[in-house]
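Colleague: Sequence:
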Amino acid sequence: MKSKKTYSLALLSAFLLWLAWPPMPFTTPLLLVALVPLFIALENISSSENKKSGKRIFLTAGLTFLIWNTASTYWVYNAISSYNGTFVAIPVSLIPYGLGASLMTFAFWLFYRLNKHTNKTTAYLGLISFYIALEYLQQTWDLAFPWMTLGNGLAGMHQLAQWYDYTGVYGGSLWILISNILAFEAYKKLKLQTGYLKFKALGIWGLFVLIPIGISLTKYFNATEQGTPSNVVVVQPNIDPYLKLEAIPAAEQIKILTHLSDSIGQTNTEYFIWPETAIPNYADEDRIRSNPDFLTLQDFLSKYKNGTLITGIESVKTYPDKRTISAKFRPDLGFYYDNFNSAMQVENSANVQFYHKSKLVPGAEKMPFPAVFSFMDGVFSELGGSVGGWGWQDKPSVLYAQSGIGAAPVVCYESLWGDWIGKQVKDGAQFIAIITNDGWWGNTSGKDQHEMYAKLRAIETHRDIARSANTGISCFINQRGDVTQKTKWWTRTAIKADINLNDEITFYVKAGDVIAKVLSVLAILLALIIPYKKWVKNDRSTRPTI
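Numbering (this note's numbering), first residue to last: 236 to 781.
Mixed in with the good hints, there may be bad ones.
[Claimed, not checked] Straight-line alpha carbon distances no greater than 25 Å define the calculated SDA-like cross-link-like pairs of lysine to any residue that follow: (1) Lys661 - Ile640; (2) Lys630 - Thr559; (3) Lys658 - Leu378; (4) Lys424 - Leu247; (5) Lys454 - Ile740; (6) Lys351 - Lys768; (7) Lys426 - Ile275; (8) Lys661 - Gln461; (9) Lys435 - Asn279; (10) Lys287 - Ser243; (11) Lys287 - Lys630; (12) Lys286 - Ala762; (13) Lys423 - Asp528; (14) Lys658 - Asp738; (15) Lys745 - Ile448; (16) Lys355 - Lys433; (17) Lys723 - Ala306; (18) Lys538 - Lys552; (19) Lys658 - Gly462; (20) Lys351 - Asn285.
Don't read these hints as lab results, they were simulated from the structure.
Please construct the entire structure, taking both the sequences and the accompanying hints into account.
Modeller: Encoded structure:
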């Protein structure tokens with residue numbers, strides 16, 4: 236097969252993946268066959284006698300994944316260019332576009348190498364393990380960007396993902412990969428075999444696709460909301476993110492937030508949810524009770540006997556010594572400090588709780604691998620920074636109200652981590668409060684993808700979600716992933732609903748990302764076959780016998 240045709244097939248797979256990806260409506264099932272053209276191209280390359288077939292495999296798969304990743308996350312450029320201009324934004328944007336694509340491509344290259352030394356079944360098992368292991372790496376290392384995990388694609392038709400309460404998104408990745416493999420094998424049988432036998436593989440693929448769909452739809456239509464109702468208000472102040480941190484005083488922003496809250500608040504309202512960095516001043520956590528903005532919040536809550544407020548805030552903690560890797564030194568004042576992107580819970584009492592955003596955006600909020608670069612901390616401190624960037628907390632936590640209600644605070648980017656939120660639920664969270672500021676990306680598909688991914692967290696945990704986004708999209712999501720109420724983009728408004736507080740613990744909450752962990756171990760073992768077969772076994776076969 237000529238290079239032009241293989242690259243055309245690679246581009247076709249990229250197009251199908253993009254077409255199936257959120258926020259495209261009704262095209263999600265294309266994910267189940269989108270990789271078939273790429274498989275056709277790679278098999279033709281592998282079967283050729285070209286000595287550079289490994290390079291062609293990498294370039295062909297790389298073309299598919301680079302185009303798909305870039306087309307689906309193009310909005311990353313918007314956020315970077317707004318502050319840094321085009322000449323900086325273009326090369327910097329290539330990092331998130333290219334890194335994830337490189338890992339996906341590497342999985343297919345390893346599959347090609349393994350296929351040269353093992354049978355087809357083992358090679359396919361290797362591909363599945365390599366791909367999901369590298370997806371899991373994208374979730375767990377310091378360059379984390381799990382946005383394009385294959386299982387996230389089912390957010391486009393969440394009715395098909397109801398079994399995520401057992402598997403999480405990696406169950407979706409597993410289903411999509413196996414479906415594509417079976418579809419490719421069925422395609423080959425249809426071309427090569429005759430008679431009814433050529434339809435056998437197609438039937439196997441059909442069953443593999445239809446059985447999970449049937450299970451999911453049955454779960455979806457038979458699901459009932461569990462728990463006790465609680466009246467919640469979600470506020471969308473629609474304050475320009477490029478002005479809110481400096482140009483608009485915090486007091487003025489709080490006035491907007493309290494007015495919107497009061498406009499629909501009821502005497503029985505139990506929660507008000509305000510967005511990420513709703514209070515844009517560096518409040519000292521240890522002196523928060525004397526902070527003028529905090530006193531304003533308590534005055535607002537005094538009208539609601541059972542009211543609790545969860546709001547985004549930029550907070551600070553000070554230390555006499557460098558007790559965290561992210562702490563920065565103030566030589567003029569002689570102390571260390573951490574600044575946090577926090578969720579703060581305020582009540583009609585002296586009780587105040589903070590949750591510090593823990594899944595920080597690489598580069599923008601945290602230098603990757605801060606422990607490795609800790610020796611450079613002195614250099615960064617001279618420049619007014621730190622290798623750690625923003626501070627964070629190492630373990631998830633739950634915000635408990637006086638009434639005993641537990642809320643899982645989730646700040647922006649963290650809503651992509653199902654296992655992190657699952658731990659909050661396991662620790663007693665009865666609903667999920669997502670606070671975010673998606674205005675940085677503009678009116679792009681990024682904001683829609685972010686909102687849609689939240690539906691998967693509701694399914695995994697059987698928890699209602701109240702989502703407050705500064706400029707939109709704010710919404711309520713029920714336990715089966717339906718968006719029951721939502722706002723328009725770039726609109727100042729507030730919405731309210733009676734959500735259900737649930738105590739049920741799903742299998743996924745108990746087990747976490749066990750699929751990804753098991754396949755990661757298997758990936759390492761299967762990858763070791765490649766050097767063993769190439770060097771160790773071949774070396775033994777060439778030794779003279781005695």
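Colleague: Are there hints from earlier that the structure breaks, and if so, what are their numbers?
Modeller: Violated: hints 11, 13 and 18.
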